[in-house]
Amino acid sequence: MSQIIISIGREFGSGGRVIAEALAKRFDIPVYDRHLITEIAEKTGLSHDQVEKYNEVPKSRLISRRVRGFSNSIEDNIAEMQFEFIENKAASGDSFVVVGRCSETKLKKYPGLISIFVLGDMSAKIKRIKELYNMNENEAKAFIEKKDRKRKSYHNYHTGLHWGDSRLYDISINSTRLGIDGTIDLLEDYIKARINGSQK
Amino acid sequence: MTAAAIFAVIIFVVMFIMIVLDKIERQYVTLGCGLLTIIVVFGICMRSGEAIWETLAVKSFATTDFWYQVTESESKGINWATIIFIAGMMVMVEGMARAGFFRWLCLKIAYLVKCRTVPIFITFMIMSAVLSMFIDSITVIMFLSAVTIELAHLLNFNPVPMILSEIFCANLGGSATMCGDPPNIIVGTSLGFSFFDFLSNTGVAAGICLVVCVLYFYIVFKKELVSNNKGAAVDMSKLPKPKDAIKSKKDFIISSVIFGIAVILLVTHSVTHLTVATIGLFIAIITLISSGRTSLELIKKVDYKTVLFFIGLFIVVSGLEETGILVLIADFIKNISNGNAMIMVAIIIWVSAAASAFVDNIPFAATMVPVIQSLSSAAGVNISTLAWSLSLGTDIGGSATPIGASANVVGTSVSAKNGHPITWGKYCAKLAPATVIVLAISTVYVFVRYL
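Top line first, the protein sequences correspond to chains V and P.
So the number in my numbering is just where the residue sits in the first sequence, counting from 1, plus 19.
So the number in my numbering is just where the residue sits in the second sequence, counting from 1, plus 10.
Hint data in this document are derived by calculation from the structure and do not stem from the laboratory.
From the three backbone atoms N, C-alpha and C, an ideal C-beta is built for every residue, glycine too.
One thing to keep in mind: the hints can contain errors.
No more than 27 Å apart at the CA atoms, straight line, and that leaves these computed lysine-lysine pairs for DSS-like [to be verified]:
{"no.": "1", "chain 1": "V", "residue 1": "LYS128", "chain 2": "P", "residue 2": "LYS33"}
{"no.": "2", "chain 1": "P", "residue 1": "LYS310", "chain 2": "V", "residue 2": "LYS128"}
{"no.": "3", "chain 1": "P", "residue 1": "LYS33", "chain 2": "V", "residue 2": "LYS165"}
{"no.": "4", "chain 1": "V", "residue 1": "LYS128", "chain 2": "P", "residue 2": "LYS311"}
{"no.": "5", "chain 1": "P", "residue 1": "LYS310", "chain 2": "V", "residue 2": "LYS125"}
{"no.": "6", "chain 1": "V", "residue 1": "LYS169", "chain 2": "P", "residue 2": "LYS33"}
{"no.": "7", "chain 1": "V", "residue 1": "LYS125", "chain 2": "P", "residue 2": "LYS311"}
{"no.": "8", "chain 1": "P", "residue 1": "LYS33", "chain 2": "V", "residue 2": "LYS166"}
{"no.": "9", "chain 1": "P", "residue 1": "LYS436", "chain 2": "V", "residue 2": "LYS62"}
{"no.": "10", "chain 1": "V", "residue 1": "LYS171", "chain 2": "V", "residue 2": "LYS128"}
{"no.": "11", "chain 1": "P", "residue 1": "LYS33", "chain 2": "V", "residue 2": "LYS171"}
{"no.": "12", "chain 1": "V", "residue 1": "LYS72", "chain 2": "P", "residue 2": "LYS33"}
{"no.": "13", "chain 1": "P", "residue 1": "LYS436", "chain 2": "V", "residue 2": "LYS169"}
{"no.": "14", "chain 1": "V", "residue 1": "LYS72", "chain 2": "P", "residue 2": "LYS440"}
{"no.": "15", "chain 1": "V", "residue 1": "LYS44", "chain 2": "V", "residue 2": "LYS146"}
One-sided excerpt, in silico: chain V residues whose CB lies under 7 Å from chain P [as the list claims (entries may be wrong)]:
{"no.": "16", "residue": "GLY64"}
{"no.": "17", "residue": "ARG80"}
{"no.": "18", "residue": "VAL86"}
Here chain V stands alone, though its shape is the one from the complex (with noise of 0.2 Å):
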C-alpha cells in the first residue's frame, strides 16, 4: 500500500483527536484536523476564528440555498473548501490522516483508505469533558450531546448517510474498553495489518 489515509470519525469526548495524533505520529504522515482550519484560513485569507466558526457545523436550511452547486451558506463553502482540499491530497498520491470532515465516504473511491469511527461510554466521555472543559457532569452531558447532534447533522447532510453507521466503516471500536493508549496500539496493529496484507 503506497498511500495510507487514515480516516478517523468520533464521537465528542470519545478522544478521537488524540488518537488520530498519535497514529499520525507513529506512521509519520500529516493529520488534519485543526491543521486544516489553519490551511483553509491561510488559503482563502479568511482569520483562524472565521473559518472555525463555521468548522463542521451543518447549515441552517431555513436560511440557505443551493443554486447550481452554489450555496449562500459559509458553512457549505468552508465544508467545500475542506472536503476539496482532502480530495486533493488524497488524488496527489499524499499518506495523512483525517479527522471527520465525512472523509470515510468522501475518500472512499481511494484503495488506501482506511475508516476508523472512534466512540465512548457516555459516563467515559462525560469523565473526560469533565477534565478538560472544566465543566459539572450536566454541562459536560450537555455540551457533548449539543457537539454530537452537529457532527451527526453535518455527516448526513454532506454525505446522506448514517453518522456513525458501522457499515460505513472499516472499523468501529469503543475507546473506553481499551482506554485512549490501548485503542491506539490496536488501531496501529489494524493499520499494520490492512498494509502488509495489500502487499502480500
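Got chain V; can you put chain P on it based on the hints?
Using the frame of chain V, we list chain P on its own:
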C-alpha cells in the same frame, strides 16, 4: 372548498416547504408534486381528462401562435414557451462562456477605466444590469464576481461591496426586459407581452432605479472602496490581459455574433412576430451547428434540473388554477383593497417583494400570473398595470436577502470560496435598504404612470 381544491392546496404547500427545506433536489420536488397533481387532483378528484390535457399543453406546439404570434394570446398549463426559451438561451450562454466572452468583457471594461477602483465599481454595476437584461443573472454574476475578486486581489481592494452592488444591479437589470428574469418570461409568455412592452414599461422603471442605486451604493461603499487603494497608480502590467481570456478567436467571434442576433431578435420580436420559443430554439440550433464537434458537450451543459423544475412547477400551479383557488386569492386581494387600484398595485408589488425575498420568485410568479388575470377581470384594472407591478415586485424583492434570488446565492458563494464570506447581517444591512428604496420608487412610478 372541493376535495380537488383541498388536495391542490396541500400539494402546493408541501412543494413550497420541500423547496425551502432543500432536502430533496427541487426538480424532483416539483415533478413529484406535479405527478401527484395529475393523479390526485385531476384524475381521482376531478376525473377530468381535459384538465390533464390542458395542463400538459402539448397541443400548443402544433399551433401557429406558439411559434409565430400575430395577436396577443395567453397560455395555460405548462408554459412550454418559457421552457424552450430558457433552454435555448442556456445553450447560447454556455457557448459564450466557453469562448471566454464574459471574462474578456469584464477585463476589457476594467482596462478601459484604467483599472481604477471606483470607475470599475460603477462600470461593473452598469454592466451587470445591462448583461442581465439579456442573459440569466446566474451566469452574469458567476463571471462578474470571479473577475471582481481577481481584480480585488491584484489591486488590493475589498471585493465585497462590489459583489453586493453587482448582485443588486443584476436583479434590477433582469426586471427591465422580458427575458431578464424567469418571472418576466412567465409573465410575458403567459399574458402575451413582448420584449418591447417590458422594455418600455419595467425597463424605464429599472433605468430610473439604476441611477438611484448607483448613487446609493457609491455613498454607502465609498469608504470601503478607497481605503486600501489610497489613490496609488495602478501597475497594469501585472493584470491579466483581456485578449488572454479569449480561448478561441473563431468561437469568440461566432458566439458574439449569435448573441447579437439574439438581442436583435428579442428587441424586434413584436415586429417580426417570432415568439420567444422560436427565438430560443433558433438561437440554440445556430449555436449547436456552429459548435460542430463540441455541440454535444454544450447540450450536456444545459441545466436540465431547472428545465424539469419548471415543468413540475407549472403542473402544480395548474392544479390551483383549475380548482379555482387562485380566483379565491384574487377575490381576497380585491376585497381587502376595496377595489382601489392603488392599494391593489401596492399589495402586488410589496407582497411579491416580501415573498420573493425569502422564497424562490419563480413559483411565486407562476402562481400570481393567474391571480392577476382574475383580479384584472374582476376589479377592472388593466392587466398590464398589474403585470408590471408583479414583475417589479418579484424581480426587485429578491435582492433583499442572500436567498431571495439565484444571483445572490451565486455571488455570495463565489465570494465566500475566495475568502470573503458574506453573512446575512452584512448582506441585508446594505441591500435590504436599497431594495426598499427601489421598491418605493417603482410603486410611485406605477402610480404616476398607470393610475
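Status of each hint after checking the structure:
Among the hinted pairs, LYS128/V with LYS33/P is consistent with the structure: their alpha-carbon atoms are about 25 Å apart, no more than 27 Å. Between LYS310/P and LYS128/V, the direct Cα distance comes to roughly 25 Å. Compliance with the 27 Å bound is thereby established for this hinted pair. Simply put, LYS33/P and LYS165/V have alpha-carbon atoms about 22 Å apart, close enough for the 27 Å limit, and the pair holds. The hinted pair formed by LYS128/V and LYS311/P meets the criterion: a straight-line CA distance of about 25 Å does not exceed 27 Å.
For the suggested pair LYS310/P and LYS125/V, the alpha carbons sit about 25 Å apart, so the restraint of at most 27 Å is met. Our distance criterion of 27 Å between C-alpha atoms is met by LYS169/V and LYS33/P, whose separation comes to about 17 Å. Between LYS125/V and LYS311/P the alpha-carbon distance is near 24 Å, which keeps this suggested pair within the 27 Å criterion. About 22 Å separates the Cα atoms of LYS33/P and LYS166/V, which keeps this hinted pair within 27 Å; it holds.
Of the supplied pair hints, the one linking LYS436/P and LYS62/V holds, its CA atoms being roughly 23 Å apart against a limit of 27 Å. A C-alpha spacing of about 22 Å is found between LYS171/V and LYS128/V, which places the hinted pair at or below 27 Å, so the restraint holds. Taking the CA atoms of LYS33/P and LYS171/V, the gap is near 15 Å; set against the 27 Å cutoff, the hint holds. A hinted pair counts as satisfied when its Cα atoms are at most 27 Å apart, and LYS72/V with LYS33/P qualifies at roughly 24 Å.
Note on LYS436/P and LYS169/V: the hinted pairing holds, with a Cα-Cα distance of about 25 Å set against a maximum of 27 Å. A hinted pair counts as satisfied when its Cα atoms are at most 27 Å apart, and LYS72/V with LYS440/P qualifies at roughly 23 Å. Distance check on the hinted pair: LYS44/V and LYS146/V sit about 26 Å apart at the alpha-carbon level, within 27 Å; holds. The interface hint given for GLY64/V holds, since its Cβ lies 4 Å from the closest Cβ of chain P, which is under the 7 Å cut-off.
The interface hint given for ARG80/V is met, as the beta carbon of that residue sits about 5 Å from the closest beta carbon of chain P, less than 7 Å. At its closest, the beta carbon of VAL86/V sits 4 Å from a beta carbon of chain P; the interface hint therefore holds under the 7 Å criterion.
Of the numbered hints given earlier, the model fails none.
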